[in-house]
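Colleague: Given next are the chains, with one letter for each unit.
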Amino acid sequence: MAVRTIEVRERVMARNDELAEQVRSRLAAHGVTAINLVSSPGAGKTTLLEKTLGTLGEELDIAVITGDVQTQNDADRLAVHTRRLVSAVVTGGACHLDALQVMTAIDAIELDQTRLLFIENVGNLVCPANWDLGEKEMIILFAVTEGEDKPLKYPKMFENARRVVMTKTDLLPHVPFDMDRAVANALSVNPKLEVFRVSALTGEGLSGWFDFLRDSARPVTTSG
Amino acid sequence: MGASLRAARAGGRVHEMSLAMEIARIAEEKLGDAAPQLVTVAVDVGDCAGVEPSSLEFCLEAVFATPPFAGARPHILRCSGDVLRVAYLEIDDGRPDD
Ligand SMILES: Nc1nc2c(ncn2[C@@H]2O[C@H](COP(=O)(O)OP(=O)(O)O)[C@@H](O)[C@H]2O)c(=O)[nH]1
Ligand SMILES: [Mg+2]
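Going line by line, the protein sequences match chains A and B. Numbered as in our numbering, the first sequence ends at 224 without a single skipped number. Numbered as in our numbering, the second sequence ends at 98 without a single skipped number.
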């Protein structure tokens, strides 16, 4: 038997990372700040985006890409809150968005008219951690209904994120959830995490989130 | 995507499946027409790579059993760190040893 060995030594994520860098430089060239929103399914990504679009959509020229395994539901929900295109990526079974999908999606977005780009990733606390989308930062949503131990169970996501948004704080009186312990768990995995606490339902804590977004978006250029 | 969905339903291994498919893409890129001759695909998997080795192995078996491949065997090489890398490929070109 003539078995030949071919050395490869190629990182599995190499091509995705290369595409992500292309996305990143394209967004940078247009002054677009991209935020990759991740969470387990149902933590409140779309709801937070609905509120965010409602308040800041015009002010910060926000564009959105949503990733969904099978449907366009999130994009439809968000389109109600903005006059701009909400780009829906249906992954057809895949558990995360990849950089190629984002690259294709931003082709349809008017980047010059965009200052802030949200990418709602597929609801999943495992896979998206491996797939760089070319975003400026990944932000993880963590609902008070999920249990305090999630950062310990899914450390890679919490390590890669810069900020964590504790969501559904209006439910705290109804669920046995120790907020301090949950935050301590998140910080034990990633001490640099900045923490927001919000309820998209009551609006509690949203002003801090909005202030952060205002700081993140590039200033409007007055020239031209 | 058919293989991906099937395996995902079989064991909730979507994460490893997407990585297996990326590994198959790399192998196909390297081998071209020789893809059916692939007999072994060796992958370095670090202990901090966020990948379950046996699950990845299962998914690689499934993916490399479908065309253009013809049943290549996965070989998982565990190592330390967050490495996730195609180490080497072995092909049997059917020619007698020289
Ligand atoms: N009580 C409460 N429910 C919320 C809040 N935000 C979202 N939800 C509910 O949680 C469910 C999932 O929200 P969704 O935004 O679709 O989550 P996604 O899967 O992360 O996009 C929906 O039924 C929302 O109405 C919140 O702040 N408080
Ligand atoms: Mg959603």
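Calculated from the structure, these hints are not laboratory results. For every residue, glycine included, the Cβ atom is placed at its ideal position computed from N, Cα and C. Treat the hints loosely; a few may be bogus.
As the list claims (entries may be wrong) - If the Cβ cut is set under 8 Å, some of the chain A residues that face chain B in the computed set are:
no., residue
1, R4
2, T5
3, E7
4, V8
5, R11
6, V90
7, A94
8, D112
9, L152
10, K153
Stated by the list, open to error - Pair ranges (Cβ atoms, derived):
no., chain 1, residue 1, chain 2, residue 2, range
11, A, E21, B, E29, 14 to 24 Å
12, B, E52, A, P191, 41 to 51 Å
13, B, D33, A, E194, 23 to 33 Å
14, B, A65, A, H30, 37 to 47 Å
15, B, C48, A, D215, 26 to 36 Å
16, A, A108, B, G94, 40 to 50 Å
17, A, T202, B, A65, 29 to 39 Å
Colleague: If a hint holds in the structure, say so; if it does not, say that too.
Modeller: How the hints compare with the structure:
Restraint check, A/R4 versus chain B: the minimum CB separation of about 5 Å is within 8 Å; hint holds. Restraint check, A/T5 versus chain B: the minimum CB separation of about 5 Å is within 8 Å; hint holds. Interface hint status for A/E7: upheld, as the beta-carbon distance to the closest one in chain B is roughly 5 Å, under 8 Å. At about 4 Å, the closest approach between the beta carbon of A/V8 and any beta carbon in chain B falls short of 8 Å, and the interface hint on this residue holds.
Look at A/R11: its Cβ gets to within about 5 Å of chain B, closer than 8 Å, so that hint holds up. The interface hint given for A/V90 is broken, as the beta carbon of that residue sits about 11 Å from the closest beta carbon of chain B, more than 8 Å. Interface hint status for A/A94: upheld, as the beta-carbon distance to the closest one in chain B is roughly 5 Å, under 8 Å. Hint status for A/D112 relative to chain B: violated, with the closest Cβ pair at about 33 Å, above 8 Å.
Here the hint on A/L152 is broken, as its CB sits about 14 Å from the closest CB of chain B, past 8 Å. About 12 Å separates the beta-carbon of A/K153 from the nearest beta-carbon of chain B, more than 8 Å, and the hint is not met. Evaluation of the 14 to 24 Å hint for A/E21 and B/E29 yields a pass: the beta carbon distance comes to about 19 Å. The given range of 41 to 51 Å is broken by B/E52 and A/P191, whose C-beta atoms sit roughly 27 Å from each other.
Evaluation of the 23 to 33 Å hint for B/D33 and A/E194 yields a failure: the beta carbon distance comes to about 52 Å. Evaluation of the 37 to 47 Å hint for B/A65 and A/H30 yields a pass: the beta carbon distance comes to about 44 Å. Between B/C48 and A/D215 the Cβ separation comes to about 33 Å, which falls inside the hinted range of 26 to 36 Å. The supplied range of 40 to 50 Å is met by A/A108 and B/G94, whose beta-carbon atoms lie about 48 Å from each other.
A hinted range of 29 to 39 Å is violated for the C-beta pair A/T202 and B/A65, which are about 52 Å apart.
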